[in-house]
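Peer 1: Residues 1 to 106 (our numbering) are what the sequence shown spells out, left to right.
Read the hints as simulated data drawn from the structure, not as lab findings.
Do not rely on the hints blindly, as some may be mistaken.
[As the list claims (entries may be wrong)] The calculated lysine-lysine pairs, modelled on DSSO-like cross-linking and capped at a C-alpha distance of 30 Å, are: (1) K50 to K66; (2) K50 to K100; (3) K100 to K43; (4) K104 to K43; (5) K35 to K50; (6) K78 to K50; (7) K43 to K78; (8) K66 to K78; (9) K35 to K104; (10) K78 to K35; (11) K58 to K43; (12) K58 to K78; (13) K58 to K100.
[Stated by the list, open to error] Cβ-Cβ distance ranges computed for the label pairs, FRET-style: (14) K43 to L63: 33 to 41 Å; (15) Q103 to F48: 20 to 28 Å; (16) Q40 to P62: 36 to 44 Å.
Since the structure is predicted, the reported quantities are computational estimates derived from the model, not experimental observations.
Backbone N, C-alpha and C fix where the C-beta goes; we use that ideal spot for every residue, glycine too.
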Amino acid sequence: MKLDTTSTISSLQESRQKDLVDRLKKDSLANADDKALREQTDKFEALFVKMLLDTSLKLDNPLYPKQAGSDIYNAMFKEQLSESLSGNFGYSELLFNYLKDRQKNS
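Whole structure, please, built from the sequences with the hints as guidance.
Peer 2: See below:
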């Protein structure tokens, strides 16, 4: 007696492929969400670092008079410095992990 298992095997392979495709789609959506969340936490850390820089880098020097546009230049300098430093202090990582845990528990 010979059993024909080709249709069973092909349907099993199709269901496995479908499960794999569904899992990959789900993972890609999760990765996209993680990437967006990481960008937002990095931006928050950049804002926090900028506030620290604004407080610590008071560039008022009585020996040199203020030039026209120096406030704008200093603000742009601090903004760029805070963006380049963001993601390296650890606040972003802490906030990211906290929000991911909250998302899983919700």
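Peer 1: None of the hints should be skipped; say for each whether it holds.
Peer 2: Right, here's what the structure says about each hint:
no. : hint                    : result
1   : K50 to K66              : holds, 22 Å
2   : K50 to K100             : holds, 25 Å
3   : K100 to K43             : holds, 17 Å
4   : K104 to K43             : holds, 22 Å
5   : K35 to K50              : holds, 22 Å
6   : K78 to K50              : holds, 6 Å
7   : K43 to K78              : holds, 14 Å
8   : K66 to K78              : holds, 17 Å
9   : K35 to K104             : holds, 16 Å
10  : K78 to K35              : holds, 25 Å
11  : K58 to K43              : holds, 23 Å
12  : K58 to K78              : holds, 11 Å
13  : K58 to K100             : violated, 37 Å
14  : K43 to L63: 33 to 41 Å  : holds, 37 Å
15  : Q103 to F48: 20 to 28 Å : holds, 22 Å
16  : Q40 to P62: 36 to 44 Å  : holds, 41 Å
Taken one by one, the earlier hints fail for this structure only at number 13.
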